[in-house]
Amino acid sequence: MKMLTPVLLSGGVGSRLWPVSRESHPKQFQPLAGELSMLQETLKRTTGLDEFSPVVVCNEEHRFMVAEQLRQVDLKASALILEPVGRNTAPAVALAALYAVEHDPEALLLVLPADHVIQDVEAFVAAVGKAVPMAQQGHLMTFGVVPSSAETGYGYIKCGDSLGEGLFGLERFEEKPDAATAAAYLDSGSYLWNSGMFLLGAAAYLEELGAHAPEILSCCQDAMKGANRDMDFVRPEPAIFDGCPSDSIDYAVMENTDRGGVVSLDCGWSDVGAWSALWDVADRDDEGNASRGDVILDNCKDSYFYSDSRLVAATGVDGLVVVETADAVLVADRDKVQDVKRIVNTLKAQERPEVSLHRRVYRPWGSYESLVTADRFQVKRIIVDPGERLSLQMHHHRAEHWIVVSGTAEVTCEDRIFMLGEDESTYIPLGNKHRLANPGRIPLELIEVQSGTYLGEDDIVRFDDQYGRNS
1 MKMLTPVLLS GGVGSRLWPV SRESHPKQFQ PLAGELSMLQ ETLKRTTGLD EFSPVVVCNE
61 EHRFMVAEQL RQVDLKASAL ILEPVGRNTA PAVALAALYA VEHDPEALLL VLPADHVIQD
121 VEAFVAAVGK AVPMAQQGHL MTFGVVPSSA ETGYGYIKCG DSLGEGLFGL ERFEEKPDAA
181 TAAAYLDSGS YLWNSGMFLL GAAAYLEELG AHAPEILSCC QDAMKGANRD MDFVRPEPAI
241 FDGCPSDSID YAVMENTDRG GVVSLDCGWS DVGAWSALWD VADRDDEGNA SRGDVILDNC
301 KDSYFYSDSR LVAATGVDGL VVVETADAVL VADRDKVQDV KRIVNTLKAQ ERPEVSLHRR
361 VYRPWGSYES LVTADRFQVK RIIVDPGERL SLQMHHHRAE HWIVVSGTAE VTCEDRIFML
421 GEDESTYIPL GNKHRLANPG RIPLELIEVQ SGTYLGEDDI VRFDDQYGRN S
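Residues in the sequence shown are numbered from 1 upward in steps of one, following the UniProt record's numbering.
Worth flagging that the hints you see were computed from the coordinates, not collected in a lab.
Errors might be hidden in some of the hints.
[Said to hold, decoys possible] Below, computed lysine-lysine pairings styled on BS3-like, alpha-carbon distance capped at 30 Å:
{"hint": "1", "residue 1": "Lys176", "residue 2": "Lys380"}
{"hint": "2", "residue 1": "Lys44", "residue 2": "Lys76"}
{"hint": "3", "residue 1": "Lys176", "residue 2": "Lys301"}
{"hint": "4", "residue 1": "Lys76", "residue 2": "Lys130"}
{"hint": "5", "residue 1": "Lys158", "residue 2": "Lys341"}
{"hint": "6", "residue 1": "Lys158", "residue 2": "Lys130"}
{"hint": "7", "residue 1": "Lys176", "residue 2": "Lys158"}
{"hint": "8", "residue 1": "Lys336", "residue 2": "Lys380"}
{"hint": "9", "residue 1": "Lys336", "residue 2": "Lys158"}
{"hint": "10", "residue 1": "Lys176", "residue 2": "Lys130"}
[As the list claims (entries may be wrong)] Beta-carbon label-pair distances, calculated as ranges:
{"hint": "11", "residue 1": "Gly431", "residue 2": "Leu357", "range": "20 to 30 Å"}
{"hint": "12", "residue 1": "Pro31", "residue 2": "Glu457", "range": "22 to 32 Å"}
{"hint": "13", "residue 1": "Asn228", "residue 2": "Val461", "range": "33 to 43 Å"}
Yeah, the Cβ is synthetic: ideal placement off N, Cα and C, and Gly gets one too.
Using the sequences plus the hints, can you model the full thing?
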């Protein structure tokens, strides 16, 4: 098999999987369907192919999260392309294609959303193998999943003439249908689910994008010409990319090209677009219940339970989804979970932090978790990874007390630099320049007590930051 470049699209938010999936830590970074995160599972399944190194296209805000998740599975990306703003899949794939042709004009891109589940990896690898010769001939191949039901939550692909075993011409895409239309698609045998996965030549994709969506191609070319390159990070020029039209690869290219093809895929696929999809792919008990975390059930049927931080107990319920996190609980009819997005829209309208932030917030240096929040004070648990350090910073409206629970802290406060061990503490007065670092080999854990008139995260003035976040 010709060498492939996997392109992982990791820009989604997964709002229908709220409250676990949120803007600051969306579903692709969560271990929702196994021990590894969905991003890591996607990377892992590509190791069965004759390829590597992957290109990951992600949000600028998630760059260190992606890098850390790659490190955890001992993989290195050839590039992390950081979108300053989301502009849908057509520009995202264009950025990856432009990067790829710089290094190999004949590069083949295996485009994969980072948040899908594939249960039969061997069948997936076999389907990729069938598609490669077609892509080498200039076809833009999309993977159509053999439907197992008249699903209304997926788009469909109408297959054209057979091009070989499991290979077809691409006749057209269909939007998510109503139940009657979905049943007709299933009965016809000519329709497959639209998986959003593609195998295509980088140069061929750019040619077709230029023919059918030239403004997108032009913006992406100019943004990549002005890109800032820092280690593995590639940052397209923000002002140019911000003006790029937003469109999907389906609308911008695949619906218009005469070079499209379809490879049939039967591999236990799911886009995990809602909580019901996790119930579909999970192991279930004799009563049809799936659960994750600390869950006790009595006389429950066909339901999904997710516990993140405390015991969830249920009795006498049927067909529910119950999801618990440290700061929110979702209860929904399993057949109505697509409507969770309406709750997310309500949270946005009310400007509630639960729409974007978990109680535990991940940062390039580690994480922090809000334990108590009240008028004029806040208590946080802070974990700094080995060898990492926070920015040199100052606050206008709050002072801080730090108490080390485990590990060793290197503290900078104005012109003093000193060490703190377990059970030791220090005080950072309002207005003082300060920095926290972990020089040790184990995580540094401390309790921070903030006090002052304003405790928002935007009360930070950064003077020096190794992650490029200077004020």
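Taking the hints in turn, this is what the structure says about them:
1. Note on Lys176 and Lys380: the hinted pairing is violated, with a Cα-Cα distance of about 44 Å set against a maximum of 30 Å.
2. Between Lys44 and Lys76 the CA atoms are separated by roughly 12 Å; this keeps the pair inside 30 Å, and the hint holds.
3. For a cut-off of 30 Å, the pair hint linking Lys176 to Lys301 stands: about 29 Å separates their Cα positions.
4. Pair hint Lys76 plus Lys130 holds up; C-alpha atoms about 27 Å apart against a cutoff of 30 Å.
5. Our distance criterion of 30 Å between C-alpha atoms is met by Lys158 and Lys341, whose separation comes to about 28 Å.
6. This hinted pair checks out: Lys158 and Lys130 have alpha carbons roughly 19 Å apart, not beyond 30 Å.
7. This hinted pair checks out: Lys176 and Lys158 have alpha carbons roughly 13 Å apart, not beyond 30 Å.
8. Taken as a hint, the Lys336 and Lys380 pair is broken in the structure, with Cα atoms around 36 Å apart against an allowance of 30 Å.
9. A distance of roughly 27 Å separates the Cα atoms of Lys336 and Lys158; the hinted pair therefore holds under the 30 Å criterion.
10. Between Lys176 and Lys130 the CA atoms are separated by roughly 27 Å; this keeps the pair inside 30 Å, and the hint holds.
11. Checked against the hint of 20 to 30 Å, the C-beta distance between Gly431 and Leu357 comes to roughly 26 Å, which is consistent with it.
12. The hint said 22 to 32 Å for the Cβ distance between Pro31 and Glu457, and at roughly 26 Å that hint holds.
13. For the hinted restraint 33 to 43 Å between Asn228 and Val461, the CB-CB distance of approximately 23 Å leaves it violated.
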